[in-house]
Amino acid sequence: MIFYILKIRLRRVPVSTILFWQQIFEEKQPRSIWQRLRHLLSLLVQLAFLCLLVLALAEPFFKWEILEARRLVLVVDNSASMRATDVAPSRFDRARQAGERFIDALRFRDEMAIVAAGTQPQVVCGLTGQRRTLHEALDGVSASDGPTRVAEAVTLARRLISKHSNGRVIVLTDGCFEGAEKLAANDDVELVAVGARTNNVGLTRFQVRRSLLDPIGYEILAEVFNASDEPVECRLEIELDGDVVDVVPLTLAKGEIWNRVFEKTSAEGGQMTAQLDHDDALAADDLAWALLPRREMQRVTLVSEDNLFLEKVFEANPLVKLTVVKEPPQKPAPGAITVFHRKLPATLPAGPVWVIDPSGSCDLWQLGDKLLNPIVTQQDKDSPLMAHVRLDNVILPEAREITFKGQPKLLASAVEGEPLYAVIERPGGNVLVLTVNLDQGDLPLRTAFPIMATNALAWFAGNRGELRESLATGAITEVALASSLMLYSPDGRPRPLPANVATATIGPLELCGVWRIAPATVPGRTPDEADEAKPPAALEIACNLANRGESDLRPSEELVTNEEATAVLAGFAVRPIWFYLLALALIIVTTEWYLYQRRWIS
Amino acid sequence: MPLFGSDFLKKLEYLSLISRRVFRGSILAQRRTMQLGGGIEFADHREYTPGDDFRYLDWNVYARHDQLLLKRFQEEEDLHIYLFVDCSRSMDFGSPSKFDLARQVVAALAYIALADLDRVAIVAFSNEILADMPLARGKARILSVLKFLENLIPQGTQTDLARVASGFVHRTQRRGLAVVVSDLYDPSGFERGLDMLRHRRYEPHVVQIFDPREANPEVLGDVELYDIETAANRKVTVTERNLRKYRRIFDDFQQSVQKYCRSYGLGCTRTSTETPFDQLILRMMREGVVKS
Numbered sequence: 006m007i008f009y010i011l012k013i014r015l016r017r018v019p020v021s022t023i024l025f026w027q028q029i030f031e032e033k034q035p036r037s038i039w040q041r042l043r044h045l046l047s048l049l050v051q052l053a054f055l056c057l058l059v060l061a062l063a064e065p066f067f068k069w070e071i072l073e074a075r076r077l078v079l080v081v082d083n084s085a086s087m088r089a090t091d092v093a094p095s096r097f098d099r100a101r102q103a104g105e106r107f108i109d110a111l112r113f114r115d116e117m118a119i120v121a122a123g124t125q126p127q128v129v130c131g132l133t134g135q136r137r138t139l140h141e142a143l144d145g146v147s148a149s150d151g152p153t154r155v156a157e158a159v160t161l162a163r164r165l166i167s168k169h170s171n172g173r174v175i176v177l178t179d180g181c182f183e184g185a186e187k188l189a190a191n192d193d194v195e196l197v198a199v200g201a202r203t204n205n206v207g208l209t210r211f212q213v214r215r216s217l218l219d220p221i222g223y224e225i226l227a228e229v230f231n232a233s234d235e236p237v238e239c240r241l242e243i244e245l246d247g248d249v250v251d252v253v254p255l256t257l258a259k260g261e262i263w264n265r266v267f268e269k270t271s272a273e274g275g276q277m278t279a280q281l282d283h284d285d286a287l288a289a290d291d292l293a294w295a296l297l298p299r300r301e302m303q304r305v306t307l308v309s310e311d312n313l314f315l316e317k318v319f320e321a322n323p324l325v326k327l328t329v330v331k332e333p334p335q336k337p338a339p340g341a342i343t344v345f346h347r348k349l350p351a352t353l354p355a356g357p358v359w360v361i362d363p364s365g366s367c368d369l370w371q372l373g374d375k376l377l378n379p380i381v382t383q384q385d386k387d388s389p390l391m392a393h394v395r396l397d398n399v400i401l402p403e404a405r406e407i408t409f410k411g412q413p414k415l416l417a418s419a420v421e422g423e424p425l426y427a428v429i430e431r432p433g434g435n436v437l438v439l440t441v442n443l444d445q446g447d448l449p450l451r452t453a454f455p456i457m458a459t460n461a462l463a464w465f466a467g468n469r470g471e472l473r474e475s476l477a478t479g480a481i482t483e484v485a486l487a488s489s490l491m492l493y494s495p496d497g498r499p500r501p502l503p504a505n506v507a508t509a510t511i512g513p514l515e516l517c518g519v520w521r522i523a524p525a526t527v528p529g530r531t532p533d534e535a536d537e538a539k540p541p542a543a544l545e546i547a548c549n550l551a552n553r554g555e556s557d558l559r560p561s562e563e564l565v566t567n568e569e570a571t572a573v574l575a576g577f578a579v580r581p582i583w584f585y586l587l588a589l590a591l592i593i594v595t596t597e598w599y600l601y602q603r604r605w606i607s
Numbered sequence: 115m116p117l118f119g120s121d122f123l124k125k126l127e128y129l130s131l132i133s134r135r136v137f138r139g140s141i142l143a144q145r146r147t148m149q150l151g152g153g154i155e156f157a158d159h160r161e162y163t164p165g166d167d168f169r170y171l172d173w174n175v176y177a178r179h180d181q182l183l184l185k186r187f188q189e190e191e192d193l194h195i196y197l198f199v200d201c202s203r204s205m206d207f208g209s210p211s212k213f214d215l216a217r218q219v220v221a222a223l224a225y226i227a228l229a230d231l232d233r234v235a236i237v238a239f240s241n242e243i244l245a246d247m248p249l250a251r252g253k254a255r256i257l258s259v260l261k262f263l264e265n266l267i268p269q270g271t272q273t274d275l276a277r278v279a280s281g282f283v284h285r286t287q288r289r290g291l292a293v294v295v296s297d298l299y300d301p302s303g304f305e306r307g308l309d310m311l312r313h314r315r316y317e318p319h320v321v322q323i324f325d326p327r328e329a330n331p332e333v334l335g336d337v338e339l340y341d342i343e344t345a346a347n348r349k350v351t352v353t354e355r356n357l358r359k360y361r362r363i364f365d366d367f368q369q370s371v372q373k374y375c376r377s378y379g380l381g382c383t384r385t386s387t388e389t390p391f392d393q394l395i396l397r398m399m400r401e402g403v404v405k406s
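From first to last, the protein sequence lines stand for chains A and B.
Numbered per our numbering, the first sequence spans residues 6 to 607.
Numbered per our numbering, the second sequence spans residues 115 to 406.
Do not take every clue at face value.
Here chain A is said to cover these stretches of chain B; the calculated rule only asks that three of the stretch's residues, wherever they fall, bring their Cβ under 8 Å from a Cβ of chain A [claimed, not checked]:
1. 238-248
2. 322-331
3. 355-365
Only part of the chain B face toward chain A is listed, based on derived beta-carbon distances under 8 Å [stated by the list, open to error]:
4. 118
5. 204
6. 207
7. 255
8. 297
9. 301
10. 346
11. 348
12. 350
These aren't lab readings, by the way, just hints derived from the structure by calculation.
Just so it is clear, the structure is predicted and the values come from calculations on it, not from any experiment.
Think of the CB as a built atom: it goes at the ideal place given N, C-alpha and C, for glycine as much as any other residue.
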């Protein structure tokens with residue numbers, strides 16, 4: 006109808022004379038049989054258009070359309086191995102392209118759902134027949150560094166199908182997981198494999214921890230898996246905050262798993278990275294992160310009159326900055342650990358205090374008689390202060406009896422429960438009390454003594470020296486929260502953490518790299534400003550692929566050949582009948598309009 | 115860009131030289147009249163009658179045959195050329211317009227004629243004689259000719275060549291060459307006007323000008339045709355078939371002009387506005403459309 010309305014607006018064409026045009030249009034048209042037929046043809050075309058329009062409005066359908074309606078669930082594997090680039094642009098993109106084809110091939114009255122099968126199975130889009138919604142949902146699925154969870158995803162998909170007669174699960178995967186062949190053998194599962202058998206070498210473990218004995222020592226555990234059908238030569242480079250720590254050339258036999266523990270020393274801490282210098286299809290397992298806690302210098306004020314053992318045991322610790330004084334200081338240095346040997350003030354100062362062989366009473370205890378030849382019969386083995394310390398075979402000729410005013414925590418005690426080594430917890434700072442006389446007996450000569458001192462220093466320092474384990478992708482962990490914080494993924498995307506809770510569960514962590522828990526950056530700043538003003542992280546968590554299954558990019562030969570689920574792609578009658586009727590009506594009316602404009606019909 | 119700029123004048127001079135060197139004796143000014151008189155070129159003898167001038171007696175013949183015969187000479191005289199320029203609105207079509215080309219052609223013909231000492235008059239017409247420039251002689255008058263042509267504007271309601279010719283032939287003036295420069299889109303037919311000139315012993319010559327878009331219009335679909343001469347409108351649907359028909363009708367019209375001129379021995383030059391005026395004049399010279 007619009008075409009006919011448009012015809013009214015004519016283009017004005019100036020001509021020098023209208024004489025010749027008049028001769029054309031004033032010639033009498035002979036009314037031939039063909040012209041009469043043209044009228045008839047025009048009428049028939051218009052009637053056909055009207056019939057088609059009415060028919061389309063009635064929305065006709067065939068019975069088989071309802072009976073044969075399908076319920077499909079598209080399981081998209083977005084695990085780490087799908088990031089492999091052995092097929093361009095990547096296995097995941099290929100899978101997504103295949104998914105687009107399946108969506109396009111949906112018939113009218115078919116329904117489809119999309120489930121992501123990486124890290125944690127997740128229903129991305131519920132059952133719907135809307136292609137646009139499905140396309141948008143599929144576009145929203147992104148590749149992760151997480152482990153494959155196809156089996157769980159298929160279980161979830163089957164629940165969505167719920168025994169529908171034409172239900173089917175289409176799995177878009179590279180087949181690099183256990184049980185892929187078995188899954189493909191199921192009748193209700195159509196497994197579409199993308200990618201080829203590809204060799205790969207990956208870091209499957211990377212951890213770092215502080216040495217339990219050496220205050221500045223640390224140990225690195227690295228594991229490399231050659232998931233190839235041939236030997237490989239490569240190089241492993243380990244760096245700490247950009248400084249090279251070690252470079253290890255590797256020659257790996259096919260299928261070999263190489264691992265080694267490196268022992269290094271440094272008080273510095275930071276991000277430690279391990280990188281495999283090997284060009285392969287999967288980049289996610291060529292780089293791994295670990296976090297090495299920094300060892301902070303500790304200031305110790307020793308109040309003693311020339312006890313060489315005590316001085317040496319603190320001097321031997323490279324993290325200790327020792328000050329020896331003979332009289333108790335009026336005011337202890339802030340943050341410093343004060344060690345009183347025998348001489349002590351009537352009121353212990355605030356801050357961490359270690360009292361050894363006290364010579365008098367104070368505000369926390371009452372000093373008693375000498376305790377001769379005490380034997381350590383009870384020892385708190387679970388306390389970090391007593392880790393690697395055994396006192397039961399140490400000769401202790403003399404100690405002092407102490408009566409605590411509060412309730413101390415005993416670390417070591419004699420036969421009748423007399424405290425020999427105890428912890429007093431107070432708001433102003435914890436106090437350690439060792440009642441043993443160091444000048445007598447062999448405690449200062451035993452290895453237990455420096456270990457006790459190291460433990461005590463570490464305990465006073467808090468938990469800064471603890472192991473912070475690198476997690477594998479897909480892992481869930483709990484963290485203590487002091488205030489309202491945000492979780493920042495390695496690519497910088499923030500996620501809010503619950504407020505007003507002591508601990509929060511984070512995860513599953515789906516990306517490799519270092520995750521940060523930090524206060525929220527001020528909104529409205531530019532990215533550069535935000536980087537400059539980035540608040541220090543309250544906690545960092547290293548996350549690595551660390552999964553031999555994901556590093557192995559070699560699916561079975563049988564799966565590689567299964568390229569397309571042709572049966573599901575059957576695309577006849579993808580649209581309702583009214584759509585075809587309407588399209589036909591439109592074609593007819595357009596043709597009629599064209600012919601009319603050319604005056605082939607009247 | 116002025117219609118008669120320096121380039122135009124240079125071309126005029128060039129055409130004038132060409133006309134003298136190459137086509138001497140075959141163009142406008144070298145025409146001889148059939149009138150015998152005091153020229154220098156011998157024509158024939160006649161019997162002596164009393165009162166004749168003795169100076170023209172052929173004494174050699176008298177000596178040889180004892181017969182008094184008088185020598186007669188062909189007299190040369192200047193030619194009167196009337197240039198008709200169509201100023202109807204239909205001439206103001208195309209780019210460059212037919213009107214511009216017509217004025218350039220008339221100017222060129224006038225220049226050549228004046229240079230050869232012929233007398234030239236210009237008549238501007240559409241449905242009637244709009245303006246005319248009286249007979250002029252001598253090359254010095256070319257500037258007034260150009261000024262006259264420059265001042266012309268397309269006007270009038272409808273071309274009526276018969277009415278124009280009727281008004282023209284009733285004037286008391288010598289006969290001569292009548293060059294009609296027009297598109298000949300006359301609703302009552304161009305033939306009547308030319309017939310009138312012909313019957314009154316003028317020697318018409320037709321220069322028919324058309325625009326390429328008239329010969330091959332690029333019009334298709336539903337359009338409103340607007341006649342710039344009569345301001346008439348017509349809503350039509352132009353199809354390929356109509357276009358083919360139009361071309362046929364237009365060709366027929368062109369052929370009819372050609373056929374008419376050939377029938378009566380009139381000079382006829384058809385040209386498109388794509389042809390520059392100098393090339394057109396040269397073509398007219400080569401074809402010898404104006405001969406004695």
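Legend entry - Contradicted hints - numbers only: 1, 4, 7
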